[in-house]
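S.K.: Under my numbering, residues 5 to 143 are what the sequence shown spells out, in order.
Among the hints, erroneous ones may be present.
[Unchecked claim] Dumping the calculated DSS-like pairs for lysine-lysine here, alpha-carbon to alpha-carbon at most 27 Å:
| hint | residue 1 | residue 2 |
| --- | --- | --- |
| 1 | K98 | K23 |
| 2 | K98 | K128 |
| 3 | K111 | K98 |
| 4 | K88 | K66 |
It is worth saying that the hints were derived from the structure and are not from the lab. Model, not experiment: these values are computed from the prediction.
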Amino acid sequence: MHATVSFDRNLPLVALNEKGQRTFFDATLDPSNPAMYASPMSIMLQSLAACSMMDIISILGKMRKEVIALDADLDAERAEKHPKVFTSIHVRFKLRSSNCSQAEFDKATGLSMNKYCSVAAMLKASGCKLSWDLEIIAD
Numbered sequence: 005m006h007a008t009v010s011f012d013r014n015l016p017l018v019a020l021n022e023k024g025q026r027t028f029f030d031a032t033l034d035p036s037n038p039a040m041y042a043s044p045m046s047i048m049l050q051s052l053a054a055c056s057m058m059d060i061i062s063i064l065g066k067m068r069k070e071v072i073a074l075d076a077d078l079d080a081e082r083a084e085k086h087p088k089v090f091t092s093i094h095v096r097f098k099l100r101s102s103n104c105s106q107a108e109f110d111k112a113t114g115l116s117m118n119k120y121c122s123v124a125a126m127l128k129a130s131g132c133k134l135s136w137d138l139e140i141i142a143d
């Protein structure tokens, strides 16, 4: 993988990956000039959900389970002193499906969070405690 990140005093940080896709970062501390874009830590938190959700959707698809919708709501705690790493993250996954059981959803989520999701693995390696709960809405 390869990426570049650029700063211009009149613009937020702009990251460009090897495919030419851009990500904008902002972390202003000035309350009179609120941030327009997410901070790097916010994007890391969102990346945990996106990474695991891609896995869950793929795993459930291989189990021939219909995924109508999948949402994640995350709450995180950070260390008080620098570097202010994540110390714990809790994810609430909500699945809409017509044919997925709680056990199947639990299996797919466990495989993602404990085996396949690279973001989860990196966070765990830093000492972050990950937890999650699951809800299925039958459709």
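S.K.: Below or equal to 27 Å on CA atoms is what counts here, so check K98 against K23.
M.R.: Distance ~31 Å between K98 and K23 Cα, so the pair is violated.
S.K.: Next pair to validate is K111 with K98; report whether the Cα-Cα distance is within 27 Å.
M.R.: Within the cut-off at roughly 14 Å; holds.
S.K.: If you draw a straight line from the CA of K98 to the CA of K128, is it 27 Å or shorter?
M.R.: 23 Å, holds
S.K.: K88 and K66: Cα distance at most 27 Å?
M.R.: Violated - the C-alpha atoms of K66 and K88 are around 38 Å apart, more than 27 Å.
Hint compliance for this structure: hints 1 and 4 are broken, all remaining hints hold.
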